[in-house]
Amino acid sequence: MTPSAMCAIDWLPVLEDAVKQRPPDLELELAVKTVESSDAFVQPGAGAIENRGAMTWATASAHRSDQASVVQRGLHEISELQDLVREAVAAPTSAAARVPANGPPFRSQDPAAIDADIPAAIARALLGELHDCRPLYCIATQTRTLQVVYGSDGTSSREHGLRTELALRLESEHGAVVDGVAAPGATVATSPLVSRARSAAAVLAAPSGSIDPTLPVVMRPAVASVLVASLGHVLSGDAASRSKNLRGAIGRALIAPALSLRDDPTEPRGTVHRLVDDEGQPAHDVQLVSDGRLTAWLLNRAAAASLGMANNGRAQRIGTRVGCAPMNLHVVPGAASALGDYVELSVRLETFRPFVRPGSIDIVVTGSEIRDGVARRSLTPVELQVSAVGLLRRVLAVEDDLVFFPQLEGCGAPSLHFPDLAAVTRP
Amino acid sequence: VTTASTSTSFFVEASDVVHYASKNGTLTSRTEHDRGYAITTAFADGARHQRWAALSTHAEAVATLPGHVAQHAEPLFDRAPPPSANDLLARTSTVGRELGMQAIEIRGRLAQQVVVVGARDRCAVDHREHHVIAVDVRAGDDSAAVGRREITLPSRGFEGLAELVVAAIREAAEDARAKIDRVPCPTGTLPVVIALGSDAGAWLHELLAHPLEGDVVAAGMSYLTRHRGQQICGENITVMDDPTRADRSVSYAIDDEGCAARSAILLDRGVVAEPILDARAAHALRLQPNGHGRRTSHRRPVLCRATHTMMLAGSDGTLEQLLQPVADGLFVTGLSPRHMDLATGAFSFYITEARQIAHGQLGAFVGPGLLRGTAIDALGAITAVGSVATNWFGMLGCRKLDGVPLAVSFGGPPIRLGAQRVEAVRE
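Quick note, the sequences are listed as chains A and B, same order. Our numbering applies: residue 1 is where the first sequence begins, and numbers increase by one. Our numbering applies: residue 1001 is where the second sequence begins, and numbers increase by one.
Just so you know, these hints were derived from the structure itself, not from any lab. Each residue gets a CB set at the ideal place from its N, CA and C atoms; glycine is no exception. All clues given are correct.
Below, computed lysine-lysine pairings styled on BS3-like, alpha-carbon distance capped at 30 Å:
id	chain 1	residue 1	chain 2	residue 2
1	A	K33	A	K20
2	A	K33	B	K1400
3	A	K244	B	K1023
Far from chain A, by Cβ distances over 10 Å, these chain B residues were calculated:
id	residue
4	V1062
5	P1066
6	H1068
7	Q1113
8	V1146
9	T1244
10	D1377
To spell it out: a stretch of chain B is covered by chain A in this simulated footprint if at least three of its residues, at any positions, have a beta carbon under 8 Å from a beta carbon of chain A; those stretches are:
id	stretch
11	1014 to 1026
12	1035 to 1049
13	1297 to 1311
14	1333 to 1343
Chain A on its own, in the form it takes in the complex (with noise of 0.2 Å):
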């Protein structure tokens, strides 16, 4: 049986059996994904290397007191369950017994099927249209994904899902810039990619000088989502249940007024559309600051237990590793008018760990001298090693220009606004 015939099967009902078989003590979990993924990463003046695959893979979580275990591997006949219930559980069971050997067909509806030639032929033409801006690769993915969970805790969840991903890459004297889109669906617009490159590039190689530490500083959304993503790591269930002074922390004032960030896993400029997570719980829109207030947190299953809250379903496994993440988390577009004569900030350079950890940042940045509209000379790159707390409290108003980055976790931000360029640098 092919890893895609996987899909005909209905696992729900398989994993129910399985699941209801458990010692009474145990809390267990089953989840079955299957993904199915064609990717191409392609050089100027090289060939590309395409990949394509599919497989699946099913995963037993199982938890006694004070003691859990977790079991993935790779299903290709649906009899294999059980050698994986048995593992998780750690003892007999007669779990194994009610598995089928096969199971009647799928019955969600499928999404379209990934053509396997876009990824490259994706990439081949943002290259081509860059070539003048130093590109070193891109890489174009498309991945479809079929999720079933089934847990004693009555959980009960299926979803499909198809995304299309770019990821760029520039090299300058200065350093190299990263950046990419990504959108639920077979096609993704590369416009605003090839936008901000082009950008980017002329801003890297236009001689660079003093700038009026006098001007307000706009931080355009490819540097601005970087903060979004840092407050992330704080909103995180994960951290809140670790920390008592966080804990503590809801309804209190975080970040500037001007400010309130949302959480929202079917936003239609978001780079996922998610309807359960990966521990199959409804994931439910939040508003996580209200006019820089803190409201919610990102809760998975566990945080939300630790927290005494309801879960609003941010699980997410990588591996067999479950945490708290964000979907589509991004700063609620404002009306503040675009400037006149300001310093933009709207590069970043690339840098290993840019969340050195939950709520700082450690990013170079840089950008342009603007004047009456016009960019006048560019900034000697700045490095920015700061509190993103901090930094979001300087924000004087907010642009309606969102925009969402899947190299940073997904997360978006419109243009802010802030005094001046040391309120930047040392918030």
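Since the structure of chain A is provided, determine the placement of chain B on it from the hints.
Below, chain B alone, put in the same frame as chain A:
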């Protein structure tokens, strides 16, 4: 547009990884079983087309792969489950408390991989495994007063391990207590001694191994491209990337393309020598592959990757002898990459663990800092190479392109550098 295909290769993998942990009394175990294959077609222009899928039984391998490859793959489907770490964790997790530590975490990773690599007319099998344990203990509520030890083990068994772990906990507890009295990291230019056989070995990995990866060299993006064949540092400095040393280092007999592993000499007595090559990069540079084609799994294509980057021992004596002439300096045992500009060689690293050197003697631990410089200047500033080299196996691994970590290790003696730029950063 790709040219006519030149060869087809087969890669079959059975991977079993157990991540086990004990954190303040709670035991967790996460096991990942992965079996699958990839078929790669190589084209004359360097392009690669890869198809991958999961495998579950030998019968599937027989139905999918050439007979001689399937025959070698038979043992991949009949493997004993990995041993449980619960007994080890139960015996050792209380030691930290007995020593007065506030928090203790023991994390282990036991990884076994068997690969079969073949072409139409040949086939080879390689068995790889590693077992690494990291111990973190915290003294009091001071989040920076953390002592850490890592143990790399030659085999998968747990026999006699408890004694090693207990010894590591005791040593880590001593460091944790000493770090309570840490002093701020100095800011300025000062002599630095780097222990290459520690976490700080990442310094060589970033400065020499990545810039000499064949794909980076072929793209003309490496600062070392223009120095090939040139003397850039002392004749007492030889650095290699060597996957053939089995002593506490990442090792293999053949790479993931079936090429025999061999040491790539990156710096030969101070002269920039050969790149790290897979078949694709070797083809682009008109060289022969040198056994550094590595995959993160059968789902990802081969790239040229560093493995065990090490400097040969010199003749300048023990650590004490290297420290002796230093009146005021820093002994660095922990470095984490912050940025590395491949094009210029400019770098910065977070100093994650270091101690003062005062009048040739080790002093107090220092708080966090940054080490900055450019690679050519820093390598040229090496004034002494210790006589005893050790190896160190990283828990985190190295990420390239697809962001999936791949195990790497470092090795070498302590080295002394003349004045280097060091800066304190906020805790």
